[in-house]
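Participant: Sequence:
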Amino acid sequence: SQLNPFLFLIDVTTYATGSPGLLPQLTWSYELSYTLKNLNFTLGYSHTVNNQNIAIARFKDVFPSIPSEDNVTVQIPINLASSDYVGLSVAAPVRINKWWNMINNGNLYYNHFNGSLAGTTLNNGKPAFDVSTNNSFTFNKGWGTELNATFNSGGQYGFMVSKPQWGLSAGVQKTVLKSKGTIRFNITDIFWTNRPRATITYDGVYIEKWHAYRESRVANLSFTYRFGSSKVQAARRRTTGSEEERQRTGN
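This note's numbering numbers the first residue of the sequence shown as 7 and each following residue consecutively.
Worth flagging that the hints you see were computed from the coordinates, not collected in a lab.
Among the clues, some could well be false.
[Claimed, not checked] For lysine-lysine, the following BS3-like pairs were computed, each having C-alpha atoms within a straight-line distance of at most 25 Å:
hint: 1; residue 1: Lys104; residue 2: Lys180
hint: 2; residue 1: Lys104; residue 2: Lys184
hint: 3; residue 1: Lys132; residue 2: Lys186
hint: 4; residue 1: Lys147; residue 2: Lys184
hint: 5; residue 1: Lys215; residue 2: Lys66
hint: 6; residue 1: Lys169; residue 2: Lys215
hint: 7; residue 1: Lys104; residue 2: Lys147
hint: 8; residue 1: Lys215; residue 2: Lys186
hint: 9; residue 1: Lys147; residue 2: Lys180
Note that the structure is a prediction, hence the values are computed from the model and not measured.
Produce the complete structure using the sequences and hints provided.
Facilitator: What follows is the structure, encoded as structure tokens:
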């Protein structure tokens, strides 16, 4: 679909199209990892040429030969000249006590992009970070719960500058039927806050602000049951007459 040149109508003011001239991107990546006790550190750098990026621009700036209103936009894949990434990530699993396990992750990074679109030159970068924590709790009588949280500060992604977003998810489970069955209930993005928002600016004159109201808050209820015996007998070893003879002679 990224190479398909036909126009697709998303809503009354937004189109999407592909670019037949889109080039493959090429990336050089380097990583250095170090583990200290239960902490894992990773330092990474990458350089990409012909960076593939989805741009949202005014329709008349991308297709000047086709008449359109000023508020009509088009989403189109483009090649930026290059992009650079440098980041430091930390993974920290922690066992608080016998019933509480925690896995924490953090990433501090910087993205920089170079390119141009519709007469606008891009040479911008922005530091950003994201953190997450996953917590699991195990209780008596087959009860267990989970509580997970994420936060992203927003950053530079091509011509787009994203806003901060965060989310909170939780779940509970109970083993039943002599531990052969499990009932689970979980809900993601409880407060419906993990929604992308961004601002795009061209030549300091045209500013596009968008907010995606996707359905990220989802509740699930499930039941699983394990059939069969939980005790697996070891397979009996069968030997032939020739094998017994070799064992007696020591060969």
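Participant: Going straight from one Cα to the other, do Lys215 and Lys186 come out at no more than 25 Å?
Facilitator: Violated - the C-alpha atoms of Lys186 and Lys215 are around 51 Å apart, more than 25 Å.
Participant: Does the alpha-carbon distance linking Lys132 and Lys186 stay inside the 25 Å limit?
Facilitator: It is violated: about 51 Å lies between the C-alpha atoms, which goes past 25 Å.
Participant: Within 25 Å, alpha carbon to alpha carbon, are Lys147 and Lys184?
Facilitator: 10 Å, holds
Participant: Between the alpha carbons of Lys104 and Lys147, is the straight-line distance 25 Å or under?
Facilitator: Answer holds: Lys104 to Lys147 is near 15 Å, not above 25 Å.
Participant: Regarding the pair Lys104 and Lys180, is the alpha-carbon distance no greater than 25 Å?
Facilitator: 18 Å, holds
Participant: Given the hinted pair Lys104 and Lys184, is their alpha-carbon gap at most 25 Å?
Facilitator: 22 Å, holds
Participant: Hey, Lys215 versus Lys66, does the alpha-carbon distance stay inside 25 Å?
Facilitator: With a Cα-Cα distance of about 18 Å, the restraint between Lys215 and Lys66 holds, given a limit of 25 Å.
Participant: Does the alpha-carbon distance linking Lys147 and Lys180 stay inside the 25 Å limit?
Facilitator: 8 Å, holds
Participant: Between the alpha carbons of Lys169 and Lys215, is the straight-line distance 25 Å or under?
Facilitator: Holds, at about 10 Å.
Checked against the numbered hints above, the structure violates hints 3, 8; every other hint is satisfied.
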